Amino acid sequence: MTIVEKILARASGRREVSPGNYVTAKIDVAMMPENFRMLRAILKGAGIREEDYRLWDPEKLVVVIDHRVPPADLAAAENQKLSRDIARTLQPKFFYDVFPGICHQVMVEKGHARPGELVVGADSHTTTYGALNTASTGIGASEMAYVLHTGELWFRVPETIRFEIDGKLADSVYSKDVILHIAGKYGTEVAQYKAIEWTGSVIDAMSIDGRLTMGNMSVELGAKFGLFRADQKTIDFVRARTDKPFEPVESDPDAAYAESYRISGSDIEPQVALPHNVGNAVKASEVKETKIDQAVIASCCHGRMEDIEIAVKMLRGKKVHPGVRFYVAPASWEVYKEAMQKGLLEQLMDAGVMIGNPSCGFCTGLQGVLAAGEKCIAATPRNFKGRMGSPNAEIYLASPATVTASAIKGKIVDPREVM
Amino acid sequence: MARVKGRVRKFGDNIDTDIIAPGPSLMLPVEEMKKHAFAPILPDFYKTVREGDILIAGNNFGCGSSREQATSVVKALGFQYVICESMAKIYLRNCVGLGVYPILAKGVSRIFKEGDEIEIDIEHGKVRNVRTGESASFEPLSGTPLEILESDGILNVLKKRIDQGKRASGKE
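Top line first, the protein sequences correspond to chains A and B.
Note that the working numbering has the first sequence beginning at 617, numbered continuously upward.
Note that the working numbering has the second sequence beginning at 3, numbered continuously upward.
Keep in mind that the hints were calculated from the coordinates and are not lab data.
If you're wondering where the values come from, they're calculated on a predicted model, not measured in any experiment.
Please note that a few of the clues may not be correct.
[What the hints assert, rightly or not] The list that follows gives simulated cross-link-like pairs (lysine to aspartate or glutamate, EDC-like), each with its CA atoms no further than 16 Å apart: (1) B:K115 to B:E87; (2) B:K168 to A:E667; (3) B:K128 to B:D165; (4) A:K660 to B:E119; (5) A:K849 to A:D820; (6) A:K860 to A:D668; (7) B:K168 to A:E666; (8) B:K162 to A:D668; (9) B:K161 to A:E768; (10) B:K168 to A:D668; (11) B:K162 to A:E675; (12) B:K161 to A:E667.
From just these sequences and the hints, can you work out the full model?
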């Protein structure tokens, strides 16, 4: 069996499962961002009385208020207050109210994402924790309402596809470039309804931060799960964050894959996904004269230490182009503090970068909103039309290195032009 | 099982959740939110939807966010079926979870035009263009997703479970 087959078999109390089987699986952890107002509304709509609705296990729900932080208008503030009040009535053991940061980063930092476990989250980028060998996936609010009361959910066991990334990434090429390269070459449906297993020497050499970016963006390839083997790096990372026991899961040598792709990592060049789809990825060097108004490193996809270090390194002795607003928002206050203690935020500011607070805002049009006609290059996961503001704005996706290089030049460039 | 006929409302590939339910509309009540559905590419789309219309799209319909509102607005506009070449997996689950029948049928992009009349034969897994006679096949839902759809969504399954639990413990 593959990794996901083993985890779904264990969670559904079966010895074995195969792709296509319908199983009812017990959920190890559920993660819910702030949309409790919606939870109340849909329960009411279905005629379910609040006194009959209980959390299946207070130890297993993690709440993180992160999307509209801090609230920028009264409607957001009222929504947050209501969500907070409703979340409290459920009495979850882990309730992170605004402070620690973006839900996916908090899940990882606080040890709620553990190898071998099955996690669902009411957010599509829940696939992030696949980087830690966690079978994690995003679901909608109604399915989450079902999980919170029953602790279980149906799954159709997905087929698994395997990506083997061999060789060694060149300087200025990062995990984001790997995933954009795959989106550009194979399309954003290459993993539709499937689980991905990420393997190969490039993955082995990759940092946890880099793997989190790839787990995060596995959903942009259509994947239900984006899984990595747990190696010593993974185990050390998780051990440092939780006392709970966990059991990493590996695929069997005779596991069946629907497809296997072998990619030479050494040949991947810096990538840019053109508007308005992740699959529009091309080589950064092929992007013609494109001036930018804004550059962003933020979100659950980036905003980790490695990303901030890259920006600092590239900006050393250089300045942000006067025509560009460059925002860097750490993914959590833990990252923020570490970057501050190391003096990195100060170096960024001296180069002309504005530091944002941890929040989903820069990626979702709640902060740093784009006006019509503006162009933004972003180290975030999505470049959909209208996502950051005006439907007539353009979002280009790239790695933190390519974003920083472009912010320096005032137009989209290959980062090797700046290094 | 009855056959269903309706007018085709046609969309292209990669219609993402930011198009179907734009971010700024997400906190509105669904009857207001639906007025913004598809607005980034078709402002005022809601004004043109008639009862019984059937949505047909290309590849990767509903890619992006897990926001269930992207399915709620489609349902609130009156679409009971979403037909496409392929659908993002969270959107597919949200359709089942909210009682909107997802139909994945290869070739539908090619054989239907905006405004055509479509006939859906759920039992035999066929969609047919009434004007041209061309058809495409699909696999009807079965198993757990069909049970959920027949209950008109997962919350009705939950309610049934809660009510049964209460009866069993003699509370009612």
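Do the hints match the structure? See the list:
1. Of the pairs offered as hints, the one joining K115 (chain B) and E87 (chain B) holds, with about 14 Å between alpha carbons and a cut-off of 16 Å not exceeded.
2. Between K168 (chain B) and E667 (chain A) the CA atoms are separated by roughly 12 Å; this keeps the pair inside 16 Å, and the hint holds.
3. Proximity of K128 (chain B) to D165 (chain B) is assessed by CA-CA distance (about 37 Å); at most 16 Å being required, the pair is judged violated.
4. With a C-alpha separation of about 37 Å, the suggested pair K660 (chain A) and E119 (chain B) falls outside the 16 Å cut-off, and the hint is violated.
5. Of the pairs offered as hints, the one joining K849 (chain A) and D820 (chain A) holds, with about 9 Å between alpha carbons and a cut-off of 16 Å not exceeded.
6. Proximity of K860 (chain A) to D668 (chain A) is assessed by CA-CA distance (about 31 Å); at most 16 Å being required, the pair is judged violated.
7. Taking the CA atoms of K168 (chain B) and E666 (chain A), the gap is near 14 Å; set against the 16 Å cutoff, the hint holds.
8. Simply put, K162 (chain B) and D668 (chain A) have alpha-carbon atoms about 12 Å apart, close enough for the 16 Å limit, and the pair holds.
9. For the hint pairing K161 (chain B) with E768 (chain A), the CA-to-CA distance comes to about 15 Å; that is within 16 Å, so the pair holds.
10. For a cut-off of 16 Å, the pair hint linking K168 (chain B) to D668 (chain A) stands: about 9 Å separates their Cα positions.
11. Note on K162 (chain B) and E675 (chain A): the hinted pairing is violated, with a Cα-Cα distance of about 25 Å set against a maximum of 16 Å.
12. Pair hint K161 (chain B) plus E667 (chain A) holds up; C-alpha atoms about 13 Å apart against a cutoff of 16 Å.
Of the numbered hints stated above, those contradicted by the structure are hints 3, 4, 6 and 11, listed in ascending order.
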